[in-house]
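**Student:** Please work from the sequences and hints to get the whole structure.
Number of protein chains: 2
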Amino acid sequence: MKALGRQILVEYYDCDADIINDVAQIENILLSATRAAKASIISHNFHKFSPHGVSGTIVIAESHVAIHTWPEYNYAAVDIFTCGETIDPWTIQEYIKDSFLSKNVSSIEMKRGLFKVAPGEELLFKPKDAGKVNILN
Amino acid sequence: MKALGRQILVEYYDCDADIINDVAQIENILLSATRAAKASIISHNFHKFSPHGVSGTIVIAESHVAIHTWPEYNYAAVDIFTCGETIDPWTIQEYIKDSFLSKNVSSIEMKRGLFKVAPGEELLFKPKDAGKVNILN
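Going line by line, the protein sequences match chains A and B.
First residue of the first sequence? That's 20 in our numbering, and the numbers climb one at a time after it.
First residue of the second sequence? That's 20 in our numbering, and the numbers climb one at a time after it.
Hints were generated in silico from the structure; no laboratory data involved.
Treat the hints loosely; a few may be bogus.
For identical chains, the list gives no copy identity; a pair is met inside one copy or between any two copies.
[Unchecked claim] Quick list of in silico lysine-lysine cross-link-like pairs, BS3-like style, CA-CA up to 25 angstroms:
{"no.": "1", "residue 1": "Lys135", "residue 2": "Lys122"}
{"no.": "2", "residue 1": "Lys130", "residue 2": "Lys116"}
{"no.": "3", "residue 1": "Lys135", "residue 2": "Lys57"}
{"no.": "4", "residue 1": "Lys67", "residue 2": "Lys122"}
**Tutor:** This is the structure:
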């Protein structure tokens, strides 16, 4: 079995509450993290809620990054979904951990899109691989 | 332990390739699915890739929905992340299944943001609950 994508679900506990309640800082951190992993950013949307919390998504050529924060619990949920061999989702996970000053992180890596292939073969056609993809709209 | 959010990771196999390669149809289906679940849509971004595939995210007041499709494998990966008691993520999962004509669906439900609470107590403060939230930007 080979997978088209991989996804890390990250629970960032014991974060700095001010940082994870600041929509501009969060947007900067997540965009910088995806750039550090050499992902190709296509679009991004971040929103601040009242009285607390931020939600946002970044669509990248290699899939997406999404975040929801609960500053009142010092907690942020982040999903990092990637495909292709060109980027390492753990680069993004570590960048965010350091930036949020999280003292307690729990991560699960999942495989997405499992297909049976002949021994030694690969799932060769990955349209979302960075560098191979043309974005139409 | 109580959870702030719940997330369904869905693998839609054996989908109709034309439907899951059509960015306008996918956008309509996912927006209709979130509305059917009475979610509050804040923003959405969908993109078509060349030669195949669509990626998109919808930020909802209750968290997000994200999709990536590989029409050449008749496969779509969808994440449905919700918080609060007002919407049922499975309404969204079923709406998409029917619309993509998927004949083989695999779903996992995860709890996100687990906290210890005293017996009988709830995590009362859920800023992203629909109807309680003010969107600032």
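**Student:** Take the hints in turn and mark each one as holding or not.
**Tutor:** Going through the hints against the structure:
no.	hint	result
1	Lys135 - Lys122	between (39 angstroms within a copy, 17 angstroms between copies)
2	Lys130 - Lys116	both (22 angstroms within a copy, 20 angstroms between copies)
3	Lys135 - Lys57	neither (29 angstroms within a copy, 38 angstroms between copies)
4	Lys67 - Lys122	within (24 angstroms within a copy, 39 angstroms between copies)
Hint compliance for this structure: hint 3 alone is broken.
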